[in-house]
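Residue numbers (this note's numbering), protein chains in the order written: chain D, 1 to 114; chain Y, 1 to 113.
By construction, these hints were calculated from the structure, which means they are not laboratory data. Predicted model only: the values in this text are computed from it and were never measured. Where is the CB? At the ideal position from N, CA and C, for every residue including glycine. Mixed in with the good hints, there may be bad ones.
Unchecked claim - Distance condition first, Cα-Cα at most 27 Å in a straight line; then the derived BS3-like pairs of lysine-lysine:
1) K13/D / K42/Y
2) K99/D / K68/Y
3) K55/D / K42/Y
4) K70/D / K57/D
5) K42/Y / K57/D
6) K70/D / K53/D
7) K57/D / K1/Y
8) K1/Y / K70/D
9) K99/D / K71/D
10) K55/D / K1/Y
11) K18/D / K42/Y
12) K42/Y / K3/D
13) K1/Y / K99/D
14) K68/Y / K1/Y
15) K57/D / K71/D
16) K99/D / K57/D
17) K13/D / K99/D
18) K55/D / K99/D
19) K71/D / K42/Y
To be verified - Which bits of chain Y does chain D cover? Going by a derived footprint, with three or more residues having C-beta under 8 Å, they are:
20) 22–36
21) 40–50
As the list claims (entries may be wrong) - Selected chain D positions facing chain Y (in silico; Cβ < 7 Å):
22) M27
23) T86
24) S107
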Amino acid sequence: DVKVTQSSRYLVKRTGEKVFLECVQDMDHENMFWYRQDPGLGLRLIYFSYDVKMKEKGDIPEGYSVSREKKERFSLILESASTNQTSMYLCASSLIDRKNYGYTFGSGTRLTVV
Amino acid sequence: KQEVTQIPAALSVPEGENLVLNCSFTDSAIYNLQWFRQDPGKGLTSLLLIQSSQREQTSGRLNASLDKSSGRSTLYIAASQPGDSATYLCAVIGETSGSRLTFGEGTQLTVNP
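The shape of chain D in the complex, shown without the other chains (with noise of 0.2 Å):
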């Protein structure tokens, strides 16, 4: 079964710290997403990168930068953890055949700064 793997289930950090939430996905997928989900604001996009080393700005990608090394792996980065930033991480990934295909999630990040 495919996956996309998200090494945390629950973070906690302190107010300036930098957080790395990690993700994986074993699908050989191009595509690879990561999005945060509030209460009354729905999932928003964040970055995405549809290759290695490769990365595009979502629609809040303010405070936060990602890094995709490999493939498989794609990396969100807040620079200076801020309270603003407690949410859900959602990170997804697709292929590139975006006509027949669709999006696999993993299973949240949810990340709490204080």
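Once you've looked at the hints, dock chain Y against the given chain D.
Just chain Y now, kept in the frame of chain D:
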């Protein structure tokens, strides 16, 4: 800009009922539509993917239909069970949106025993 709307926002039904969840989108130029399920505090689980050339897809007690020209999709759940309680999200990939998914706000379903 594509917008996706789901109605109702919340639904509570007794066990055993057949039910329909609705999804509408403003731009009919889509590649496909995907229905997801999300349990509280968890990630999204894909239920059904309907390609733009298809009219419907079925998986077990679930049936999803797509009317691309009118910008509508429905998710039909037969003989609902308490284990079906979750939030159901629909999302579309538009022909001009690259690989971005546009999500609806979701329908929160509660099936009462």
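Cross-check of the supplied hints:
1. K13/D / K42/Y: holds (20 Å)
2. K99/D / K68/Y: Roughly 14 Å between the alpha carbons, so the hint for K99/D and K68/Y holds.
3. K55/D / K42/Y: holds (26 Å)
4. K70/D / K57/D: Cα-Cα ~19 Å, so holds.
5. K42/Y / K57/D: holds (25 Å)
6. K70/D / K53/D: holds (8 Å)
7. K57/D / K1/Y: Cα-Cα ~17 Å, so holds.
8. K1/Y / K70/D: violated (32 Å)
9. K99/D / K71/D: Satisfied, since the Cα-Cα distance of roughly 21 Å is no more than 27 Å.
10. K55/D / K1/Y: holds (22 Å)
11. K18/D / K42/Y: holds (24 Å)
12. K42/Y / K3/D: holds (15 Å)
13. K1/Y / K99/D: holds (19 Å)
14. K68/Y / K1/Y: Holds. K68/Y to K1/Y sits at ~16 Å (cutoff 27 Å).
15. K57/D / K71/D: With Cα atoms ~18 Å apart, K57/D and K71/D stay inside 27 Å; holds.
16. K99/D / K57/D: holds (22 Å)
17. K13/D / K99/D: violated (39 Å)
18. K55/D / K99/D: Judged against 27 Å, a Cα distance of about 21 Å means the pair holds.
19. K71/D / K42/Y: holds (25 Å)
20. 22–36: holds (count 4)
21. 40–50: holds (count 7)
22. M27: violated (12 Å)
23. T86: Violated, because the Cβ-Cβ distance from T86/D to chain Y comes to roughly 14 Å (cut-off 7 Å).
24. S107: holds (4 Å)
Of the numbered hints stated above, those contradicted by the structure are hints 8, 17, 22 and 23, listed in ascending order.
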